[in-house]
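Turn these sequences into a full structure, and let the hints steer you where they fit.
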Amino acid sequence: VKITVCLKEVPDASAPKRIDPQTFRLDRSVAGALNDFDTHALEEGLRLKEKGGDGEVVAVLMGPERASDSLRRALAIGADRAVHVADEGLAGSDLVATSKALAKALEKEDADLVLFGQQAADSDGAVLWAAVADRLRLPVVSQAASLELDGGKVRIKRQTEYGYDVIEAPLPCVVAVSDAINEPRYPSLKGIMGAKKKPQETVSLSDLGLGTADAGERGSRTEVYALAEPESRGESVRIEDDGGNAADKIVEYLAGKKLL
Amino acid sequence: VATLVYVEHHEGEPVKGSLGVLGKAAELGDDVAAVLLGSGVEGMAEGLGRHGAHRVLVADDPALEAPLPQPRVDVLAKLVESEGFGTVLFGASVLAADVAAALSARLDAGLNWDLVDLRLEDGRLVGKRPALGDSVLVDVGWKGEPRLALVRSGTFDPVESGGSAAVSKVPVEVQDWSRQAAMIEQAHEESQGPSIEDADVIVAGGRGLGQAENFSLVEDLAKALGGAVAATRAVVDAGWYPYATQVGQTGKTVAPKLYIACGISGAIQHKVGMQGAGTIVAINKDPNAPIFEYSDLAVVGDVHEIVPKLTQLVREKKGS
Chain A
1 VKITVCLKEV PDASAPKRID PQTFRLDRSV AGALNDFDTH ALEEGLRLKE
51 KGGDGEVVAV LMGPERASDS LRRALAIGAD RAVHVADEGL AGSDLVATSK
101 ALAKALEKED ADLVLFGQQA ADSDGAVLWA AVADRLRLPV VSQAASLELD
151 GGKVRIKRQT EYGYDVIEAP LPCVVAVSDA INEPRYPSLK GIMGAKKKPQ
201 ETVSLSDLGL GTADAGERGS RTEVYALAEP ESRGESVRIE DDGGNAADKI
251 VEYLAGKKLL
Chain B
1001 VATLVYVEHH EGEPVKGSLG VLGKAAELGD DVAAVLLGSG VEGMAEGLGR
1051 HGAHRVLVAD DPALEAPLPQ PRVDVLAKLV ESEGFGTVLF GASVLAADVA
1101 AALSARLDAG LNWDLVDLRL EDGRLVGKRP ALGDSVLVDV GWKGEPRLAL
1151 VRSGTFDPVE SGGSAAVSKV PVEVQDWSRQ AAMIEQAHEE SQGPSIEDAD
1201 VIVAGGRGLG QAENFSLVED LAKALGGAVA ATRAVVDAGW YPYATQVGQT
1251 GKTVAPKLYI ACGISGAIQH KVGMQGAGTI VAINKDPNAP IFEYSDLAVV
1301 GDVHEIVPKL TQLVREKKGS
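First to last, the sequence lines map onto chains A and B.
The numbering of the first sequence is our numbering, which starts it at 1 and goes up by one.
The numbering of the second sequence is our numbering, which starts it at 1001 and goes up by one.
Fair warning: there could be bad hints in the mix.
Dumping the calculated BS3-like pairs for lysine-lysine here, alpha-carbon to alpha-carbon at most 27 Å [as the list claims (entries may be wrong)]:
1. B/Lys1016 with B/Lys1128
2. A/Lys196 with A/Lys2
3. A/Lys257 with B/Lys1309
4. A/Lys257 with B/Lys1318
Over 10 Å on every C-beta distance to chain B, these chain A residues come out as not near it, computed from the model [claimed, not checked]:
5. Ser29
6. Ala91
7. Asp94
8. Glu161
9. Ser188
10. Gly216
11. Thr222
Residues from chain A that face chain B, not an exhaustive set, calculated with beta carbons under 7 Å [stated by the list, open to error]:
12. Gln143
13. Gln159
14. Val166
15. Lys198
16. Glu201
17. Ser232
18. Val237
Treat the hints as calculated values from the structure; they're not laboratory data.
Each residue gets a CB set at the ideal place from its N, CA and C atoms; glycine is no exception.
Written as structure tokens, this is what we have:
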């Protein structure tokens, strides 16, 4: 079974995040990290490959050059090969433009299963897989809480607003997995050392048969007009549990608010 | 410009989120059509006039019976193209997000998601989207038509306008590749278990509890406070706690006076289910946990140590 796992690099959770007031784009000059939600998709891909006994897991990432660190991490964790969709013309791509470029890259890979994580930690987007699946004309299932391959089919249990659905689809298929589907592994020292030797390919817009009008802001159909500060919830109190008296402080706080 | 509102339904009733979006659309424009897609859904059509639809388009076909996105996209794409809708609005749900995203690709139409407001500015449609853990509000727009938008769940309440709508049927043509996913077993609302929606105090547990057994810590604290127990999707998906207790986008929306989040990181899907709480207390060992961004009291520390102590102190206080 051949599996492509779609990854994104997002600002590191501990880095201060800001949107550039000039370009209205997320400031990506801060430290980046592999989107945590995507590590669950990678883990699921690796498990399916291990269970099946053979196959290939290909990590596919669209993002600036520096995001190759996140791809290397995916290789260290266990992906067999990496494809980096990188082109200056892609900066500022919205869903229409991103799904177009990513679908082209995935089309070339022609995998049995295309996996996504449940959302991007930076944009809170949870939409890319359905757009990509439409461009690839493949069935799509989102919110997978468990996933089983059975011959040429995939059987998925997924959560909706009403409980759990069970959905079956033939391969090839696009699946977005929930972050409860597994506990992702960490890269081993051996994995980290071996990652450098694994094949890594960079593809540009022209490699994908796309022009600059298809990507970036020119290829996008949405735009940003302005930024504003939200209304604050009011003063927030922060306490650290050093000395083990946090419980007392919570009780004090609740009593002060007449909630006890 | 005509607006189309996608009306989702479950067990024969339009969902509240869709009706809320329909009301907002009516407030913004004077040609608002609602579309119902499903099998045996015509009975719901007329009632949509009372919630702001001027006309209702009904796509009724067995191919649309299961709540799967792709057959719906086929119908909507044709409809938007043939009728020239300038705007298509969706109330967010698992199904609606997949439908909207696929429609965006099919039509090369811009999609803005997670919107908490929509307004017209000199005739231009502008959406408001909270970003970066809701710390920034972004005004977003579209470069052309059709403009697609997903509205964050719980944003607009339905309005009863007392209007009426003209109902018409639309053709249903579904492509072969759109029919490939099959619903084997469809979810139905679980009714067992106590309802958390009416509780004044909720103590909620997340993955930070470490294992299912540790939910007893949350249960003990809830009992001491006279409150109910809730859970995040991650732990419900993992089988630690029943779905009926889940708070968030695909679970219940709650608004207790006090919400204590134990070991919950607080992703946006969780936030939309509990942001209406009066006071939010969060205990998490990760100082960068997003939940601290919207907590009244942020406690950085280990739930396994703090929660039992807190339970003990609450018991003592209530006993005295």
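Tested hints:
| no. | hint | verdict |
| --- | --- | --- |
| 1 | B/Lys1016 with B/Lys1128 | holds, 20 Å |
| 2 | A/Lys196 with A/Lys2 | holds, 21 Å |
| 3 | A/Lys257 with B/Lys1309 | holds, 20 Å |
| 4 | A/Lys257 with B/Lys1318 | holds, 15 Å |
| 5 | Ser29 | holds, 15 Å |
| 6 | Ala91 | holds, 17 Å |
| 7 | Asp94 | violated, 7 Å |
| 8 | Glu161 | violated, 5 Å |
| 9 | Ser188 | holds, 23 Å |
| 10 | Gly216 | holds, 13 Å |
| 11 | Thr222 | violated, 4 Å |
| 12 | Gln143 | holds, 6 Å |
| 13 | Gln159 | holds, 6 Å |
| 14 | Val166 | holds, 4 Å |
| 15 | Lys198 | violated, 31 Å |
| 16 | Glu201 | violated, 25 Å |
| 17 | Ser232 | violated, 10 Å |
| 18 | Val237 | holds, 5 Å |
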